[in-house]
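A.B. asks: Sequence:
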Amino acid sequence: MSFFEADEDHIRRERQKARELRRSQWWKNRVGRGQCHYCGRKVAPAELTLDHVVPLVRGGRSTKGNCVPACKECNSRKQSMLPMEWEEYLQRLNDQA
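Residue numbering for the sequence shown follows my numbering, starting at 1237 and increasing by one per position.
Everything labelled a hint here was simulated from the structure, so no lab data went into it. Predicted, not measured: the structure shown is a model, and the values here were computed from it. Take these hints with a grain of salt, some might be off.
What the hints assert, rightly or not - Simulated restraints on C-beta separations: (1) Gly-1276 x Asp-1243: 29 to 37 angstroms; (2) Gln-1332 x His-1246: 34 to 42 angstroms; (3) Glu-1241 x Tyr-1325: 17 to 25 angstroms; (4) Asp-1331 x Arg-1249: 32 to 40 angstroms; (5) Arg-1259 x Met-1320: 27 to 35 angstroms; (6) Arg-1277 x Gln-1315: 13 to 21 angstroms; (7) Ala-1333 x Ser-1260: 32 to 40 angstroms; (8) Gln-1261 x Glu-1324: 31 to 39 angstroms; (9) Glu-1323 x Gln-1261: 25 to 33 angstroms; (10) Ser-1316 x Arg-1277: 19 to 27 angstroms; (11) Lys-1264 x Asn-1330: 31 to 39 angstroms; (12) Lys-1264 x Glu-1241: 30 to 38 angstroms.
C-beta atoms are modelled at their ideal positions from N, C-alpha and C, and glycine is treated no differently.
Produce the complete structure using the sequences and hints provided.
C.D. replies: This is the structure we're talking about:
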């Protein structure tokens, strides 16, 4: 899979798909578990956000395989990082601790 800077049309289409995905029973089941995909913390389902593992701005899509529930803190910290970049970021944090 290649990653690229996405154009505005791609982002707009995928955001619409994400809105539809959030209304699905699949998403309600994922959020119902109340657990952040990234940090594993238990979070109230209403506090979980939909995060794109491969961000839309990096060419990601709004599919079940690319959308995960994330706490607001992890989602904010991850921003537009790819999975490999996110892992490196977490490793740097662990090395500093």
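A.B. asks: Run every hint past the structure and note whether it holds.
C.D. replies: Here's how the hints hold up against the structure:
1. Gly-1276 x Asp-1243: 29 to 37 angstroms: Cβ of Gly-1276 to Cβ of Asp-1243: about 34 angstroms, so the range 29 to 37 angstroms holds.
2. Gln-1332 x His-1246: 34 to 42 angstroms: For Gln-1332 and His-1246 the Cβ distance comes to about 36 angstroms; the hint holds.
3. Glu-1241 x Tyr-1325: 17 to 25 angstroms: Check passed, 20 angstroms falls within 17 to 25 angstroms.
4. Asp-1331 x Arg-1249: 32 to 40 angstroms: Since the Cβ atoms of Asp-1331 and Arg-1249 sit about 39 angstroms apart, the hinted range of 32 to 40 angstroms holds.
5. Arg-1259 x Met-1320: 27 to 35 angstroms: holds (31 angstroms)
6. Arg-1277 x Gln-1315: 13 to 21 angstroms: holds (19 angstroms)
7. Ala-1333 x Ser-1260: 32 to 40 angstroms: holds (38 angstroms)
8. Gln-1261 x Glu-1324: 31 to 39 angstroms: Given range 31 to 39 angstroms: holds, Cβ gap about 35 angstroms.
9. Glu-1323 x Gln-1261: 25 to 33 angstroms: holds (31 angstroms)
10. Ser-1316 x Arg-1277: 19 to 27 angstroms: holds (22 angstroms)
11. Lys-1264 x Asn-1330: 31 to 39 angstroms: For Asn-1330 against Lys-1264, whose Cβ atoms are near 33 angstroms apart, the range 31 to 39 angstroms holds.
12. Lys-1264 x Glu-1241: 30 to 38 angstroms: Given range 30 to 38 angstroms: holds, Cβ gap about 32 angstroms.
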